[in-house]
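Asker: One-letter residues, chain by chain:
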Amino acid sequence: MNNREVPLLEVENLSVSYGKVEAVRSVSLRVMAGDFVSIIGNNGAGKSSTLKAIAGVVKPSGGSIRMEGKEVGSLPPHKVVRHGISLIPEGRQLFADQTVYDNLMLGAYSRRREEAGSLETDLDRVIELFPILGERRGQIAGSLSGGEQQMLALARGLLSRPKLLMIDEMSLGLAPRILATLFPVLERLNREGLAILLVEQLATLALKVSLRGYVFENSRITISGSADDLASNRQVIEAYLGRRAA
Amino acid sequence: MSEVVQYFLAGLGIGGIYALVAIGFHIMWSSAKAVNFAHGDTLMLGAVLTIVFLDFGLPIAIAIALAILVGMLFGVVLERVAIRPFATQARSIGWMLTTIAIGIMLESYTTISFGAFARPLPSPLVENPVIILGAGIYPQELLIPIAAIAIVAVLHVFQRRTQLGRAMRAVAYNREAAGIVGINVTGIAMISFAMASALGGLSGILVAPVIQASATMGLLLGIKGFAVAIIGGITSAPGVVIAGLLYGVIEKFVDGYISTAAREAVGFSIVILVLMIWPQGLFGRKEIVKV
Amino acid sequence: MITRTVIAGAITAALALQGGASIADEANACIGNSGPVTGPAAFGGKAIRMGAELAVEDINAAGGVLGQELEFIQYDDAGAPPRGVDNVRRIGLADNCVAMIGGYHSTVALAQRDPIHEIGMPYVGTIAANTKVIENGRDPNYMFRVSAKDRWVTKFLVAEGMQRSANNAIGIMYENTGWGKGAYPDLQNALREQGLEEVGAETFNWEDTDMTPQLIRLRDAGAEVLIMWGLDREGNQILRSLQKIGWSPQVIGAWGFAGNLGELAGELANCALIMQTYSWMGELEPSAQALYDRMQEDFGIGSQEEIRMGSGVANAYDAVHIIAKAIEIAGSFDRAKVYDALFEVEHEGLVTSYSPAFERTEERHDAILPEAYKLTAWYDGKLLPLDQTPCE
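Chains as they are written, first to last, in my numbering: chain A, 547 to 792; chain B, 5 to 295; chain C, 982 to 1373.
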């Protein structure tokens, strides 16, 4: 990776407050094109809030967020999507009263007219990635199993043709064997060129698939580096890798 | 026997009007989580403007189209000016007051310019009543509940087969998630108000041949339409139509077998009773308020 | 603002304590009016203004009153009683007019009885017909009226109804408001005086669109004549409901249906009989024709149908002439003297011959007797004197 490249996503001194509570304190991170970056740390350390701020769901109280050099920090969520950022939110947040097909189509909502022609191809592609969605096409999203819902959430997020996929706590509530099928899909997507920013409680798993990582503690980034470095970092091991089963 | 049929058919007629108004409330509430309390006045605008344009000599089709267009614009402007400023604050209700205030101003202005007399909107369907099982009813009165049902059916298809329809359902279900997938949530709110007002204008034109157009025609209809939307379950379009038709029929039977004076008392008591047993309405879904 | 109100209140209180004596012995040469200039009944305010201003023109053209030019001042009450009360004080105290003429709404007129008697200014009603406005138990009674009296109107309607019903079977539909509910006992009394009872009485609310339940009951009770007491919009729905149930009784109504019932109901209104004191429709007598010509010039009236509440125009016209004559008889603008002079006025008016206009009984503070009431009928969208229609 060339350090003089313009980062795909550049976050500088980002702060997010909910009323008087500072959830994110002056956080800086970057994601390069084709990168796979993990954010690990305890609950409530500010990881989700960072993703939400990037996605435009919450307003930053300070700092800047730039996507391909353009400032996106003050944009509403639907405009952030247009810049190529797609968030798979915590808890999936599917439209449970609509069908699998409806949810997928909504993922494609923001595509411009030029991209409409390739919609069929992209739909085929996500069904190839997650065949079960093809089988359950007409089913109400709320009736899917947890793993199927996560797949649908991922597929929906992919349909906006993002350059950066942000995933918030994918593993919550999912059995290990399901995760075992999902993480390889992420790896495959990344190999094909999609940059991924992963917030993940299962630190061991996260560091295994990613290239780089950031550690969040008390609303700040305390450690950062390559995934290998973090995995062998003693503090990290003690705090996050030892006590948690992979 | 013909009495029972008379009350039933008349009830469907007036109930259909309540249903049309209630559908508008449903559309606005689902997408914007706010309503235009002056919604009854969109009916008034549709009816009054059609008459005014006819006075100017415009052909009926153009008069109707223009009137609906103006009604739609009213809804859009109202959303922008009276609702959106309050939408950013969680659980704010300032929009209730602003829309009520705008409704009052609109009615006053219309009274001054249109005059206070009710004026007829002619229609071939109110010239002669048809007799069904010994009861007389104007075809226009039957057209109204049929229109309400047809609109719900169209709405259903629209919501399930078009991107915009899906997007409106998505915004209604979960605003935040809708934004994340790329839906312009405030834009959807504006569209839903435009749709509701256009529907209101159309409804006003449908009902004016029966009840006559006047500056105050929207007031009571708006109140009853809102009550019907609440007891039907404002989240369900078929629900509010069923509630509207039922309410109208009950009103007529109370008129017939008890007295007209008792009508409003009985009607609103039913509203209270229904809400005590089913707080989210007969067909409604529990509202999830996200913090 | 507050200081002005306090001062006005203090003055009024002082006057009231004086027992109703006027500020000055001589009032000013003006006649005031409180009426609906704005609001749903604005056509009523306009009718009063037209009649009054035409009369004032006539009087001033003939040299004025006691050599002075007479002025007419109209204030808006928009049908609201508190404003009507305010306007009485404005006319009686600030403008110090010798007299005032009444407005359209009975509710306003009822509220005006108190301030009129506090000030001691003669009041001559022109439209509002509620019985108790005039028959109010005061002595001296400063309320007069050149218009209809609801108690007499109800007798008139009952008499006309009986003529058109073989079995004297009369049904009543009245609006659920102060006006309608006030008229109903008068209707019942009128029937009782003829040894009759109504076969049924039903109410309806404003903005009701369907009266079939009530009408079915009246039909099944055997009514042959339907007396209605309400306004055009609801009258239209009553006629349409009659069509729906296939029932055609003789419809007779008070003058709430003298607005645009014919336009709303079209053919259905044909031969609905409406009580009026005067009609400007059809062929007019020369004096009325001259007035109509002036109305077209001065007030932009187009055709005769555009004169809404025509009775009010004629009533107000006659009322102003009667007041002017009383001032001449009194020889001064002193209100007490003008009050006494009112009982000596005889006048050939538009509506009727007033000989005399008033007598010193409570009942006869009403100048127009029921014999002068007229029956008009809707026909082809126009409200015409009965003899100008094919109706019976």
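Heads up, a few of these hints could be off.
[As the list claims (entries may be wrong)] So the derived label-pair ranges between C-beta atoms look like this:
#1 C:Ser1229 <-> B:Ile64: 27 to 33 Å
#2 A:Asp643 <-> B:Glu268: 33 to 39 Å
#3 B:Ile153 <-> A:Ser572: 56 to 62 Å
#4 B:Leu62 <-> C:Pro1371: 52 to 58 Å
#5 A:Pro622 <-> B:Leu62: 52 to 58 Å
#6 C:Gly1203 <-> B:Leu168: 56 to 62 Å
Simulated from the structure, these hints should not be mistaken for laboratory data. Given the structure is predicted, the values throughout are model-derived calculations rather than measurements. Glycine included, every Cβ here is placed at the ideal spot set by N, Cα and C.
Asker: A separate judgement is required for each hint: does it hold in the structure or not?
Answerer: Right, here's what the structure says about each hint:
1. C:Ser1229 <-> B:Ile64: 27 to 33 Å: holds (31 Å)
2. A:Asp643 <-> B:Glu268: 33 to 39 Å: 36 Å Cβ-Cβ, so the 33 to 39 Å window holds.
3. B:Ile153 <-> A:Ser572: 56 to 62 Å: Holds, at about 59 Å.
4. B:Leu62 <-> C:Pro1371: 52 to 58 Å: violated (36 Å)
5. A:Pro622 <-> B:Leu62: 52 to 58 Å: Violated: the Cβ-Cβ distance is about 41 Å, outside 52 to 58 Å.
6. C:Gly1203 <-> B:Leu168: 56 to 62 Å: This hint holds: roughly 60 Å between Cβ atoms.
Going through the hint list in order, the structure does not satisfy hints 4 and 5.
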